[in-house]
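A.B. asks: Sequence:
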Amino acid sequence: MVSLLDEVTVVLGPRKSLTRDPEGNGARSRMIAAETKIAARTTGSTLSGTRTCRRGRRWISIVTLLCSGLVGCSSAEERQRIEWVTSLPPGTTVAVAPAMNASGSSAFDVVQVADLMASELSDVPDVGVIGVNRVLAILAEQGVDQVQSPEHALDLCDRLGADAILVFAITEYDAYTPVVAIAAQLYGKRPAQPALDPVAASRMARPFAVAPRSEATRPWAQAQRTFNAAHESVHQDVRDYAKTRGGDESPYGWRKYLASQERYLRYCCFSIARELVQEPL
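Under the working numbering, think of the first position of the sequence shown as 4, with each following residue one higher.
No lab work stands behind these hints: they were computed from the structure.
Do not take every clue at face value.
What the hints assert, rightly or not - Now the in silico label distances, taken between C-beta atoms and shown as ranges: (1) D177 <-> V88: 27 to 33 Å; (2) S236 <-> I141: 34 to 40 Å; (3) P283 <-> Q151: 23 to 29 Å; (4) N136 <-> T229: 27 to 33 Å.
Computed from a predicted structure; not experimentally measured.
Just so it is clear, CB atoms sit at the ideal spot from N, CA and C, and this is done for glycine as well.
Use the sequences and the hints to build the structure in full.
C.D. replies: What follows is the structure, encoded as structure tokens:
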């Protein structure tokens with residue numbers, strides 16, 4: 004950075020012009036001295052103004068950063084992040100089967116609902132999701148359009164290389180209230196159990212006969228719920244969900260999840276997926 008002395012020297016030129024007057028002209032020396040004072044004052048004023056501008060810019064930068072921080076905090080408060088609590092082991096891969104329609108309504112697409120379920124399930128940390136299209140491809144090879152039984156669900160897991168498969172049905176649907184009821188089960192392989200000694204088992208007292216495959220086909224988790232938008236408890240739940248999706252950014256606010264068929268189905272899928280992954284295996 005150029006110092007004040009350097010700038011004065013540049014204005015004045017060589018120093019000998021200040022100390023020597025070859026022609027003996029006193030007036031010229033006085034003129035040079037006057038110009039020196041003026042140049043020094045001008046340079047000082049310029050530097051002072053530069054410092055003032057720099058201070059002003061520095062304060063503007065600080066205020067801008069503070070405002071940016073406040074806006075960032077505000078956005079973070081408005082759009083909260085879902086804290087998932089899951090009983091699934093890290094790295095678990097879950098396939099999503101097409102929804103079954105047990106509602107008697109044809110006002111929704113079972114594949115689209117399954118896509119929404121897979122989308123919401125993909126938010127679970129450390130859980131991989133296999134989309135419904137891959138499940139549909141295997142079902143088409145088998146000549147069916149939905150999962151037929153718990154054994155079939157486990158077979159699909161093997162074919163897909165998944166740890167588990169989510170099978171669910173829409174049991175009630177009313178797009179006007181709206182009302183959506185979902186029953187869901189999560190099927191997956193269980194660790195091999197020690198084989199029973201048939202002789203010892205026959206001597207044991209037991210209230211019911213032990214079904215050999217009952218434990219193997221028991222679902223990891225299951226959930227069932229009816230989401231009736233006329234109930235205040237559902238309203239509160241939708242409000243909380245909307246905060247995680249930036250619901251306040253719309254003119255409708257959180258109520259857009261009640262006004263839109265797709266958004267309401269997405270909220271219902273989120274609630275069921277959350278309940279399934281939180282249930283102890």
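A.B. asks: Kindly indicate which numbered hints from before are broken by the structure, ordering the numbers from low to high.
C.D. replies: No hint contradicted; all consistent.
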